[in-house]
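**Q** Assemble the whole structure, with the sequences as input and the hints as a guide.
2 protein chains.
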Amino acid sequence: MNRLVDTTLCAFLDELASGSPAPGGGSVAALSGALGAALTSMVCHLTIHKPGYESVQNELPILIDRANNLRKEFTVLIDEDTTAYNRVVSALKLPKETEEEKATRREALQKAFIGAAEVPLHTARLCADLLKIADEVAHKGNKNSITDAAVAALMAQAGLEAAILNVRINLTSIKDAEYVERVSAEIIDLQQMGVEQSKAIYDHVSSTF
Amino acid sequence: MNRLVDTTLCAFLDELASGSPAPGGGSVAALSGALGAALTSMVCHLTIHKPGYESVQNELPILIDRANNLRKEFTVLIDEDTTAYNRVVSALKLPKETEEEKATRREALQKAFIGAAEVPLHTARLCADLLKIADEVAHKGNKNSITDAAVAALMAQAGLEAAILNVRINLTSIKDAEYVERVSAEIIDLQQMGVEQSKAIYDHVSSTF
Chain R
1 MNRLVDTTLC
11 AFLDELASGS
21 PAPGGGSVAA
31 LSGALGAALT
41 SMVCHLTIHK
51 PGYESVQNEL
61 PILIDRANNL
71 RKEFTVLIDE
81 DTTAYNRVVS
91 ALKLPKETEE
101 EKATRREALQ
111 KAFIGAAEVP
121 LHTARLCADL
131 LKIADEVAHK
141 GNKNSITDAA
151 VAALMAQAGL
161 EAAILNVRIN
171 LTSIKDAEYV
181 ERVSAEIIDL
191 QQMGVEQSKA
201 IYDHVSSTF
Chain G
1 MNRLVDTTLC
11 AFLDELASGS
21 PAPGGGSVAA
31 LSGALGAALT
41 SMVCHLTIHK
51 PGYESVQNEL
61 PILIDRANNL
71 RKEFTVLIDE
81 DTTAYNRVVS
91 ALKLPKETEE
101 EKATRREALQ
111 KAFIGAAEVP
121 LHTARLCADL
131 LKIADEVAHK
141 GNKNSITDAA
151 VAALMAQAGL
161 EAAILNVRIN
171 LTSIKDAEYV
181 ERVSAEIIDL
191 QQMGVEQSKA
201 IYDHVSSTF
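For the protein sequence lines, the chains are R and G, in the order given. Take 1 as the starting number for the first sequence in the working numbering and just add one per residue. Take 1 as the starting number for the second sequence in the working numbering and just add one per residue.
Hints are computed from structural coordinates only; laboratory data are not their basis. No residue lacks a Cβ here, since even glycine has one placed at the ideal position from N, Cα and C. Honestly, I wouldn't trust all of these hints.
Claimed, not checked - Ranges of calculated distance between the beta carbons of each label pair, as one might list FRET restraints:
(1) G:Ile188 to R:Asp65: 35 to 45 Å
(2) R:Thr172 to G:Leu94: 54 to 64 Å
(3) R:Gln192 to G:His204: 14 to 24 Å
Stated by the list, open to error - The calculated DSBU-like cross-link candidates involving lysine-lysine, where the alpha carbons are at most 35 Å apart (straight line), are:
(4) R:Lys72 to R:Lys93
(5) G:Lys102 to R:Lys143
(6) G:Lys140 to R:Lys93
(7) G:Lys50 to R:Lys93
(8) G:Lys72 to G:Lys140
**A** Here it is as structure tokens:
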């Protein structure tokens, strides 16, 4: 199967806009994270060997590595979200005539919904990680590219919020109360951290010009 | 020249992450808008001919048209932002030995900075338009896709905030006080409208599940 990230931007947008429900908001959340991660790398690259930034030169390759690793993970999640959605659709189509079929279908659906929650949960966690890197880059990176660090944070935060909505909607179909409780608590923490971190980055960048 | 939207997502992300300052945050702002516009269209498509949505069937083709037109404009702005940035770089490289050269360079730079402010200003206006459509779609569209309408709003709002940062940073280099004052006032309005509208959409969607 072709990966979504191997299609052109134009073709991806066309596919997104079409009447097919996947790719949808979950894949966009992961792409938003990937865009933020890429911008974070860019600001680091634009700080390497620049006068005035001698004290952070040793940290830049580490920040670039972290941002590039996140970007790789995000690009995988773009496809995984679509795959997870399609698994829910397949489970919904399972036969439900006999009691045995009903039980099999119920189990397959629960597994598929948990899968469909796990992917955006992973996206949300990575967006939270990205915000931490974007914060460092906004403070240490080339001041001429400081708005790019802020845009990276905006994309990470939009990705985080979008991913959390996708987790929440899937939780409404999951019957494992312990799982729902645990994940609900985690996304509340992630969301609060995201709001605070992205506001701190935005305010810092805004204060510099 | 190849358009950025004709590259693959992977290649675009690589180019973004590289040490070349363009494409940067301005192009990402426009792409964020395009992603939101595409998701808005998708939700409309998923509402066409669906039972329970009879009363909005006549409105859907109009909403789709509006969202698709915005998407087209956003995709043009992805490239335009990069072109506008490159014009600033070209102007900066103009000779500045003689008084005449200095004057020519100054004028070219001012023109280039205004161009570099106008592109994200256009992006910000379109994101504000998109939020209005996303609001309608969040209220009228298929409830099974309501998180996609919310993600559309998140991307529109991230695009709007990102675009405004890019307008503001360019305004700091523009000497035409009347222009700076007028645009500063407009972006304050756009930002306030964006915050209110995106919060209203998010709260509405959140309240449904």
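**Q** State for each hint whether it applies.
**A** Structure-based check of all given hints:
no., hint, verdict
1, G:Ile188 to R:Asp65: 35 to 45 Å, "holds (39 Å)"
2, R:Thr172 to G:Leu94: 54 to 64 Å, "holds (60 Å)"
3, R:Gln192 to G:His204: 14 to 24 Å, "holds (21 Å)"
4, R:Lys72 to R:Lys93, "holds (33 Å)"
5, G:Lys102 to R:Lys143, "holds (26 Å)"
6, G:Lys140 to R:Lys93, "holds (27 Å)"
7, G:Lys50 to R:Lys93, "holds (19 Å)"
8, G:Lys72 to G:Lys140, "holds (23 Å)"
The structure agrees with every numbered hint stated previously.
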